[in-house]
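Asks: Here are the chains, one letter per residue:
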Amino acid sequence: MRLLTIELDRPRCEGHGLCEEAAPDLMHLDGNGELVIDVPQVEAGTPEARAAAAAVRVCPVAGLRLA
Amino acid sequence: MVVGNGIAGLTAADALRDAGFDGELTIVGDERHPAYSRPALSKALLRDELDAHELPAPTHGATELLGVAATGVVPQRRVVQVGGEELPYDRLVIASGSRARRLTDDPGEVTLRGLDDAFALRERLATRPSVVVVGGGPLGMEVASGALASGCEVTLVSQGRPLITQLGRHLSDLFTTSALEQGLTLVETGSARLDGPSRVLLADGAALEADLIVTAVGDVPNTEWLAGSGLARCGALEVDHRGLLRPDIAAVGDVAALPTPYGTRRIPLWSSAIDQSKVAAAALIRGEEAPPLSIQPYFWTEGFGLSLKAVGFMPPSGEPEYVDGGPGGPALIRWPGAAAAINYRIPIPRLRRAAAA
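Residue numbers (my numbering), protein chains in the order written: chain G, 1 to 67; chain X, 1 to 357.
Hints are computed from structural coordinates only; laboratory data are not their basis. It is possible that part of the hints are untrue.
Claimed, not checked - Derived list of chain X stretches under chain G, where covered just means 3 residues or more per stretch with a C-beta under 8 Å from a C-beta of chain G: (1) 46-55; (2) 269-278.
As the list claims (entries may be wrong) - In silico contact screen, one side only, chain X against chain G (beta carbon under 10 Å); selected entries: (3) D14; (4) A40; (5) T165; (6) I348.
From the three backbone atoms N, C-alpha and C, an ideal C-beta is built for every residue, glycine too.
Working from the sequences, and respecting the hints, build out all of it.
Replies: The following block contains the structure:
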């Protein structure tokens, strides 16, 4: 089992929230528009990992990484 | 087969996999670069952040044919012409995007649309040329802001007030005031044309000269390669409310004109491309069982010290109501069917709710 970590480059985050729309179970914007990663690690090959990858990909400012 | 490797093509490929498609997938992209974030090119990339456009490596497992253009499609035989070859498909996603509209046929006319354009522009700006930007839309304003921040003397040539067509009077005034305060020279004109590489001729006959002229006068959908296919009507790809042109062919992203409450039109925005691609990919696999598209446009721009996030069909009409904050500072404002956050952090779902309220 391989764990992948969702990494946030916080200074870069502009709070567009498209990641939340892609993976609402893994992350959300709090009331101040700051991104909170609720599930920082996901298992490779699972639906969660696919959702995490989708969230990373829709970020228009390259603020998220999955490694 | 997916033609186009921008965010629309990439999302379509991902969404096809998400919808359970595990067959052979091919993506054709005319740029040699892997898919990247286009919104970043005129914002963070023009500042300092050299990798702000980078997207993670794809996981869709498609065969990627990059740096080659699709030149035709024959729907009757289900083939796409790529580099002199015919490649067969069962389902086709057309995501060929749009290109910069140009004022001349001169290949030296400087525009900003693709990654190569962005890096070339960065290099030019680093030498601090005097700059004229032609075009008062969001892109022209972002380029002007980036050039100003690079230490250039910048004149913006705009047909009417900047941003007024796209964002309405209130937001136009806000950005224009801020731009002028930061040292932008604004020239309003009825028309503009280029006269060689360093002269712009205005409607009243006056001429502006600069070391660098950048035009930002809109985009043109890439539909010419579909000539003769019967898919485009008067140069437009008009899709249904699931993004389909026919049951086996979808069109998504900047190239597609879709049904909206304001008629059939393109919505060439990042999040619109993503939403369209998800819906269309599902429709290609599941047909009419797939949910139809419902777009509430989301758009953002930044420049001259302002950051704007806006939801709803723009431009809004009339004066906005201040939900939070006030004129001159961070604010959340709304109109019927639209809302905007100016230098104001807000979760987008909340902004969407403000627009719907």
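Asks: What hint numbers does the structure not satisfy?
Replies: Violated hint: only 5; rest satisfied.
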